[in-house]
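Chemist: For reference, the chains in residue letters:
There are 2 protein chains.
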Amino acid sequence: MLLRKKVLNILRNAREASWVIASVSTKNKNRALVAMAQALLKNSRYLLSQNARDVSAAKKRNLSRALIDRLTLTDKRVKEMAESLRKVAGLKDPVGEIIRQWRRPNKLLIKKVRVPIGVVGIIYESRPNVTSDCAGLCLKSGNACVLRGGSEAINSNLAIHKVITQGIDRFGIPSSAISMVNVTDRSAVKVLLTSPEFVDLVIPRGGEGLIRKVTEISTIPVIKHYKGVCHLYVDKYADLKKATEIAFNAKVQRPAICNAIETLLVHKDIASRFLPEVSRVLKDAGVELRGCPKTRKILKSIKKATEKDWYAEYLDLILAVKVVNSVDEAIGFINKYGSNHSDAIITKNRYIADMFLRRVDSSCVYLNASTRFTDGYQFGLGAEIGISTDKIHARGPMALEELCSYKYIILGSGQIRT
Amino acid sequence: MLLRKKVLNILRNAREASWVIASVSTKNKNRALVAMAQALLKNSRYLLSQNARDVSAAKKRNLSRALIDRLTLTDKRVKEMAESLRKVAGLKDPVGEIIRQWRRPNKLLIKKVRVPIGVVGIIYESRPNVTSDCAGLCLKSGNACVLRGGSEAINSNLAIHKVITQGIDRFGIPSSAISMVNVTDRSAVKVLLTSPEFVDLVIPRGGEGLIRKVTEISTIPVIKHYKGVCHLYVDKYADLKKATEIAFNAKVQRPAICNAIETLLVHKDIASRFLPEVSRVLKDAGVELRGCPKTRKILKSIKKATEKDWYAEYLDLILAVKVVNSVDEAIGFINKYGSNHSDAIITKNRYIADMFLRRVDSSCVYLNASTRFTDGYQFGLGAEIGISTDKIHARGPMALEELCSYKYIILGSGQIRT
Numbered sequence: 001m002l003l004r005k006k007v008l009n010i011l012r013n014a015r016e017a018s019w020v021i022a023s024v025s026t027k028n029k030n031r032a033l034v035a036m037a038q039a040l041l042k043n044s045r046y047l048l049s050q051n052a053r054d055v056s057a058a059k060k061r062n063l064s065r066a067l068i069d070r071l072t073l074t075d076k077r078v079k080e081m082a083e084s085l086r087k088v089a090g091l092k093d094p095v096g097e098i099i100r101q102w103r104r105p106n107k108l109l110i111k112k113v114r115v116p117i118g119v120v121g122i123i124y125e126s127r128p129n130v131t132s133d134c135a136g137l138c139l140k141s142g143n144a145c146v147l148r149g150g151s152e153a154i155n156s157n158l159a160i161h162k163v164i165t166q167g168i169d170r171f172g173i174p175s176s177a178i179s180m181v182n183v184t185d186r187s188a189v190k191v192l193l194t195s196p197e198f199v200d201l202v203i204p205r206g207g208e209g210l211i212r213k214v215t216e217i218s219t220i221p222v223i224k225h226y227k228g229v230c231h232l233y234v235d236k237y238a239d240l241k242k243a244t245e246i247a248f249n250a251k252v253q254r255p256a257i258c259n260a261i262e263t264l265l266v267h268k269d270i271a272s273r274f275l276p277e278v279s280r281v282l283k284d285a286g287v288e289l290r291g292c293p294k295t296r297k298i299l300k301s302i303k304k305a306t307e308k309d310w311y312a313e314y315l316d317l318i319l320a321v322k323v324v325n326s327v328d329e330a331i332g333f334i335n336k337y338g339s340n341h342s343d344a345i346i347t348k349n350r351y352i353a354d355m356f357l358r359r360v361d362s363s364c365v366y367l368n369a370s371t372r373f374t375d376g377y378q379f380g381l382g383a384e385i386g387i388s389t390d391k392i393h394a395r396g397p398m399a400l401e402e403l404c405s406y407k408y409i410i411l412g413s414g415q416i417r418t
Numbered sequence: 419m420l421l422r423k424k425v426l427n428i429l430r431n432a433r434e435a436s437w438v439i440a441s442v443s444t445k446n447k448n449r450a451l452v453a454m455a456q457a458l459l460k461n462s463r464y465l466l467s468q469n470a471r472d473v474s475a476a477k478k479r480n481l482s483r484a485l486i487d488r489l490t491l492t493d494k495r496v497k498e499m500a501e502s503l504r505k506v507a508g509l510k511d512p513v514g515e516i517i518r519q520w521r522r523p524n525k526l527l528i529k530k531v532r533v534p535i536g537v538v539g540i541i542y543e544s545r546p547n548v549t550s551d552c553a554g555l556c557l558k559s560g561n562a563c564v565l566r567g568g569s570e571a572i573n574s575n576l577a578i579h580k581v582i583t584q585g586i587d588r589f590g591i592p593s594s595a596i597s598m599v600n601v602t603d604r605s606a607v608k609v610l611l612t613s614p615e616f617v618d619l620v621i622p623r624g625g626e627g628l629i630r631k632v633t634e635i636s637t638i639p640v641i642k643h644y645k646g647v648c649h650l651y652v653d654k655y656a657d658l659k660k661a662t663e664i665a666f667n668a669k670v671q672r673p674a675i676c677n678a679i680e681t682l683l684v685h686k687d688i689a690s691r692f693l694p695e696v697s698r699v700l701k702d703a704g705v706e707l708r709g710c711p712k713t714r715k716i717l718k719s720i721k722k723a724t725e726k727d728w729y730a731e732y733l734d735l736i737l738a739v740k741v742v743n744s745v746d747e748a749i750g751f752i753n754k755y756g757s758n759h760s761d762a763i764i765t766k767n768r769y770i771a772d773m774f775l776r777r778v779d780s781s782c783v784y785l786n787a788s789t790r791f792t793d794g795y796q797f798g799l800g801a802e803i804g805i806s807t808d809k810i811h812a813r814g815p816m817a818l819e820e821l822c823s824y825k826y827i828i829l830g831s832g833q834i835r836t
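For the protein sequence lines, the chains are L and A, in the order given.
The first sequence begins at 1 in our numbering and counts up one residue at a time.
The second sequence begins at 419 in our numbering and counts up one residue at a time.
To be clear, the hints were calculated from the coordinates, so they are not data collected in a lab.
As the structure is a computational prediction, the values presented were derived from the model and not from experiment.
Virtual Cβ for every residue (Gly too), placed ideally from N, Cα, C.
It is possible that part of the hints are untrue.
[To be verified] Computed Cβ-Cβ distance ranges for the label pairs, DEER-style: (1) A/419 - L/380: 55 to 61 Å; (2) A/798 - L/241: 51 to 57 Å; (3) L/190 - A/464: 15 to 21 Å; (4) L/109 - A/444: 26 to 32 Å; (5) A/612 - L/240: 43 to 49 Å; (6) L/38 - A/735: 57 to 63 Å; (7) A/444 - L/96: 31 to 37 Å; (8) A/498 - L/109: 29 to 35 Å; (9) A/768 - L/56: 47 to 53 Å; (10) A/735 - L/167: 18 to 24 Å; (11) A/612 - L/190: 55 to 61 Å; (12) L/414 - A/724: 41 to 47 Å.
Just chain L, with the same shape it has in the complex (with noise of 0.2 Å):
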């Protein structure tokens, strides 16, 4: 009951600086950005030692190295998260921006205005940065935040959130605008996602387990990313060239990343010319491939793949293969077994390409281009809080004007209603 006191009193409190920081000028917000990727570097020593603190926790419990590796803070880790925040202070601010306005005939004028959403909760893992890339990109666009982040990581994020806190309300902006809830029992968790009176979006950014868990018990609307299975589909139309390349491109370049590749499509009709060639390029970067009876003809001794594997993400050097015998049904397979995330087909043939690219129902759907470009710099966003695979309010790469929502201000001389 203490417990739940106290986190209620800290979103309370987000919420009551919400309505302050929403109307912060652009100046002073940047402003603020820039001092906290100062007062980052200044206390970089700081912060080292506090994470130091629980990356021996870390060892000590065994946890994995992976998990510690990304728990670690190093000196050049620290400047990434300061010159982070430096640029969200270069991005243009969406908060005010007229959207559309028009004027009805009883001459009442609406504007629709983009404004931010109020308190958005981030639920996060073991990546300290994580506390200031979003504590940065919520405070440009108006939002009050409230993080929670691995418990394996709290004296890190304790320590970074004193630090990018401190002092910014010279710049008109509470310091409770960015709170976070500092207590690692797991029930505090509960109390911040069924607390809409005081929060009004979630964003959890971790493991699909993390995801699962906080989508069954909050009552306040979540935008996520479950997983990247993404798919490749090479059509019988398809410069076969680029296809190996961009092939080559989806799975290896970076293979942990979500909007890497997964299964490979490939049509029936050039699947004995292009298999061997883009098998060949792909095993000497070491990608294990695993296929269906008909690749398994073409290609004889990889792996069989089984129906599990159509639906794994294995943010690894392994790839599903699978012919097929027309676009539709790849579109069909891809709409079944994919995650809506990211895919492509590379072909010639404009009116195959429409078909693919209307009927795939993903958030990012690519012609005759690699699926990694799926990201919030690379489409030129400037950031990214994360990927959605929602459907509702974002889709794809989410940046500084999805996490905005909007009000309509109507302007009248007296108008009533008859």
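Since the structure of chain L is provided, determine the placement of chain A on it from the hints.
Modeler: Just chain A, lined up with the frame of chain L:
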């Protein structure tokens, strides 16, 4: 278990239909809507006879008169339902619109394109017209819908559903694009609300109790509108004649609608001039006033307003009245007690107006006009599936555009990420 299977089957069919209806041409969607309108008129007798079964059962169960009124179909109401569908046929198709497009330095062309959401679940109470209204709006916006009305209207809803879906496959639309959960068992709703793999969005339409329940259970995004606790703030720089007219209109014209005001806030400097005049006009219309202590010094005979009154959505000829010291106090009061629906200020002072319009955290904020204009038709959107007091995805009146999501279509010529 059998029930669960049955409902899941309905949902799965709706999901499959959503892939088809998403790319039906505007022409065919409009032809289907007109055919649905004609079918309603042609089968009016059948609809009324099925409705009579529900009405008589409701009477036997001693349900309230208001509910029975909402439940009852008449020739006129059937005509209105048909007219509604015809109007939707006349609206602009939102699907396929290019919201924005830009080219990246690497020559990738990124198009942000409006697309249907997919499957929309509508949970509603006793009004059978919701069945055809929502089916029409979902169809026009390229969405499949799953309808689930109140059990007291089951025969009416089944009849309407049967009539409007018959033969729509002539226009390339699978009849399961308009699906109905024809099981009155309450656990059917739970299956719907926890099947995010088949349903993308849930819109509950009904009382606050229904909406809270839906939000609690659902693991699917919900867009909702709990209540309309709307305010009118009469500033010290108000044109008091206009203020009286607008107060009267916003309270009296249709008090049972969510955009009617429930609370009047009056600046202290004009309270003794304004309150006697406005109370005279309101009392003549049968409005009961409930006031704060300062109000009751001026209007001596009125009832005392309690804390509960400030939160109340009367939907009736009752108005809470409070004297405030400043626009700041008015804004704080509205953000605390209001429901983020529609709030208005009456003032001639531009600076004060601006402050109010920016800082009141509601979907629609008015200057010198009645809150009664918060409505899809009044806004010129041509339709309305509801009014959202949420901030995610859609805010204020929701029409066809708000029933859409978007996707990114990225056109390349072999681009890979380096």
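Chemist: Which earlier hints can't be squared with this structure?
Modeler: Going through the list in order, the structure violates hints 1, 3, 9, 10, 11, 12 and respects the others.
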